[in-house]
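Participant: Top to bottom, those sequences are chains A and B. Quick note on my numbering: the first sequence kicks off at 560 and runs consecutively. Quick note on my numbering: the second sequence kicks off at 16 and runs consecutively.
Source of the hints: derived by calculation from the structure; they are not laboratory data. Please note that a few of the clues may not be correct.
A short, non-exhaustive set of chain A residues, derived as facing chain B with CB atoms under 7 Å [unchecked claim]:
1) E590
2) P593
3) Q594
4) M595
5) L619
6) Q626
7) F653
8) P671
9) S672
Where is the CB? At the ideal position from N, CA and C, for every residue including glycine.
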Amino acid sequence: MRLFMQVSTLLTERSDLDPSLAMRYANLLSERMPQMAAGLAELAQQPHGDAQRSLREAILTAWYVGQVGLGDPPPRPGARSSKEEVRGPQPVVFAYEKALMFDSVSDVLTIPSYCRDVPGYWAAQPPRLSPRK
Amino acid sequence: MTSMTDSAETVVVGSGVAGGLVACRLAAAGGSVLILEAGPWLKRAEIVENFRNSAAKSDFMSPYPPAPHALHPTYAPPNGYLIEKGEHPYGAQYIRAVGGTTWHWAAAAWRLLPSDFRLRSLYGVGKDWPITYEDLEPYYQAAEEALGVSGPQHTDVGSPRSRPYPMDALPLSWMDRRFAEVLNGAGFTVVPEPAARNSRPYDERPTCCGNNNCMPICPIAAQYAGEVHAIKAQRLGARLLANAVVYRIECDDKGLVQAVHYKRPDGGSVRVTGKRFVLAANGIETPKLMLMSTSERYPAGVGNQHDLVGRHLMDHPGTGVTFLAREALWPGRGPMEMTSVVNFRDGPFRREHAAKKLHLSNASQTRSAAMSLITEQGLAGKALETQLRELSARRLRIDSFHEQLPRPENRVLPSTAKRDKLGIAYPEVHYAVEDYVRRSAVHTRATYARIAQLMGGTDITFHDDFAPNNHIMGTTLMADNPSSGVVDRDCRVFGHDNLYVASSAVMPSAASVNCTLTIAALACRLSDHLLGHVLPTSASARLP
Chain A
560 MRLFMQVSTL LTERSDLDPS LAMRYANLLS ERMPQMAAGL AELAQQPHGD
610 AQRSLREAIL TAWYVGQVGL GDPPPRPGAR SSKEEVRGPQ PVVFAYEKAL
660 MFDSVSDVLT IPSYCRDVPG YWAAQPPRLS PRK
Chain B
16 MTSMTDSAET VVVGSGVAGG LVACRLAAAG GSVLILEAGP WLKRAEIVEN
66 FRNSAAKSDF MSPYPPAPHA LHPTYAPPNG YLIEKGEHPY GAQYIRAVGG
116 TTWHWAAAAW RLLPSDFRLR SLYGVGKDWP ITYEDLEPYY QAAEEALGVS
166 GPQHTDVGSP RSRPYPMDAL PLSWMDRRFA EVLNGAGFTV VPEPAARNSR
216 PYDERPTCCG NNNCMPICPI AAQYAGEVHA IKAQRLGARL LANAVVYRIE
266 CDDKGLVQAV HYKRPDGGSV RVTGKRFVLA ANGIETPKLM LMSTSERYPA
316 GVGNQHDLVG RHLMDHPGTG VTFLAREALW PGRGPMEMTS VVNFRDGPFR
366 REHAAKKLHL SNASQTRSAA MSLITEQGLA GKALETQLRE LSARRLRIDS
416 FHEQLPRPEN RVLPSTAKRD KLGIAYPEVH YAVEDYVRRS AVHTRATYAR
466 IAQLMGGTDI TFHDDFAPNN HIMGTTLMAD NPSSGVVDRD CRVFGHDNLY
516 VASSAVMPSA ASVNCTLTIA ALACRLSDHL LGHVLPTSAS ARLP
C-alpha cells in the first residue's frame, strides 16, 4: 500500500492524493494484475520506463479518470475500434467526482451532470489558457 | 393462463413524446385513453447515478439497461437486439421505457423548411409530403408550447413562424458565440439552435444551469423528456400500463382493428379492445408490430397490402471533424449543443446531393482527452495536466446530419431467426448509405477543412464513418394513396379506418434536422383529427 501511494505520487506529481481511494484502487488493480507488487517496485525506480507501461497507464487511469480498466466503447455505434476487441474484464468506476481530470480544469469546467454556477454563466469569456496553480 | 381483457375508447401503443402528446390531448378532452408501454417506469435520479457509475460514458445507452421483457439495442457491449443485415450498420439507439427516447437527446427542436415538404416537386428527388409546411405550422407552434422550446426570437432560421418561441433562447456559450462570429464573417450562416430546454422556469421545470449532460440524461429536467406528457396524461385521466408489450394487432375482415394483444413480463397475454388505436412505438418497433400481425385476411401484416410497411427507412448519416482551435474556447460550458450551420439545408444542389446541417459540439472534451493522453501518448504528472488543459480548452468537434432519400430497400423486418424471452421477434434492419449522401459528404469534408482553417485549426481529424444519429424515419410513409405509402394525410393507415401512426415513421422526407419536433407536431395534428377538428386551418393549438 505504501509502495502504491509512493508510485502514485511519482506518476501524478501530486502530494494530496486521497488515501482511501488509493486503497480501493490498489486492491482492485492487484486483483486484475497479479504481478502488481513487482511492477510497483520497478515503477518506483523507473516511473517512466517502458517495462511497466500498462501498469503505469492503469494507475494513471484510476487517478485521473476515476476508474479501473478502460471501457469506453467505440465513440459512436457502428464505428469499429480495436480497443473494443481487446477489452478485458468490465471496467469499474470508483470516483467519478474525484477523478483528477476534473480537478485539472475545475477553474473553468463543470463535472458533467453537476451544476457549477448560475444559468448563463457560460456566456462570459473563460480564462485564457494557463497552467493551473 | 386464463385469457384477460381490457378496453378503452382510444388505445395508444407507446408512451414516448408522440404517444404521450396524443394521450394527453385526448384525455384533456374527456376521452377514455389507455397507453400501453412495453418498457418500465424509470427514475431520473437512478439514470443519473447509472451515468456517473458507468465506465462507458460516451455510450448514451449505458445508463439505460434494457428490460429483459422489452429489449432495446445496447452497444457497449453490443446485445445484438437490432439485427444488422445491410452493408452499413444502422446502429440506432432507442429507449423502451415510459417517456421513450427523449430521455437522452440534445433537445434540438427544429422545424422542417417549407421546401422539405416538396422535395420531388422542387428538385426531382425523393418524395413530396401530402401536406405542406403551412398545414403543419400551427402544430409546430403547439408542439413548441407543449415541449417548452427556447429559440432565437429575432433570427430567421428558414421556417416561417406565426408566433414567437414560447421562451427566448439561452445565451450562447463563449465558444458558440466566437464560432458564430468567425463563420458568419466568412459567408456561413450559423444560428442559435432552437431547443426544448428551459431558459426560464417553464411547465413546472427549472432553468438550464449548464450541467453539460443533456445526453445521456439531464439531471434537473430543464430539458424536455417524454415522461412529462406520460405523467400529464395520467393526471388528466388516461391510464398508463408499463411493461405491456404489444405483439399483435387484431383486425376484422373489413380492416377495422378490434383489439391489440400485449404480453406481461410473466408471459400472460391480455386482449385490449377499443374504438381506435394509435401506434406510437417509433420507426422500428411500429412497423415490426404491423408486420408481425399476420392473419388469414392479412397474410403480409396490417397495412401492408402494397408491401410498403417497414420500407424507406432513413436516418441522418453523420460525418464529423475534430481539431484544435487557435483560441481557448473551452467546450463544456453550458448545454451540450447550441449552434448550427444552416446554409446547406436547402438549395438547387439538392438535385445532386444531400442537404445537411452542421453542428458544433459543446460537450466537455476532458474525459476523452485524459484517456487518450494517458493511453496513447503515455503522459503523466504535470505534463499530462498541462496537455489536458490545452485539449480541454481548444479541441472542437463538429458533426453533421445528411438528408437521406426514402429507398424501399432500406427496411425493417421482424426477424424470423431471433425472438426475445416472450417469444416476440427481434427487429432486423437492411440498410445502406446511398451515393446521394456520399456526394454530399465529400463537400462536407471540404467544408470542415475550411471551418478548421477559419478557426486557426491544427491537428485536424476527419470522421468519415456515416455515424448513425438515431433519427428513425420513413417506415410507414405518409402518402396520397395506398400504392405510395402506408398512412394518409391524417396519419390513418390505409385500409384500416381506426388505426393511426404517431411517429417520425410517417415522414416522407428526412430533411436535415432532428425529427423530434416534427414528431410532436404530427402528434398534435393527429390529436386534432381524432378530436374531430377541421384540419388544417382551424387548428386549436393551445392545449396541455
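Participant: Evaluate each hint against the coordinates.
Facilitator: Now for the hints, and whether the structure bears them out:
Look at E590 (chain A): its Cβ only gets to about 16 Å from chain B, farther than 7 Å, so that hint breaks. Among the interface hints, the one on P593 (chain A) is violated; its C-beta lies about 21 Å from the nearest C-beta in chain B, farther than the 7 Å criterion. At about 19 Å, the closest approach between the beta carbon of Q594 (chain A) and any beta carbon in chain B exceeds 7 Å, and the interface hint on this residue is violated. The criterion of a C-beta within 7 Å of any C-beta in chain B is not met by M595 (chain A), whose closest approach is roughly 17 Å, and the hint is violated.
With a least beta-carbon distance of about 5 Å to chain B, the hint placing L619 (chain A) at the interface is held under the 7 Å criterion. The interface hint given for Q626 (chain A) is met, as the beta carbon of that residue sits about 5 Å from the closest beta carbon of chain B, less than 7 Å. A least Cβ separation of about 9 Å between F653 (chain A) and chain B goes past the 7 Å threshold, and the interface hint is therefore violated. Checking P671 (chain A) against chain B by beta carbon gives a least distance of about 5 Å; that is within 7 Å, so the hint holds.
The restraint placing S672 (chain A) at the interface with chain B holds, with a minimum CB-CB distance near 4 Å, inside the 7 Å limit.
In summary, the numbered hints that this structure violates are 1, 2, 3, 4, 7.
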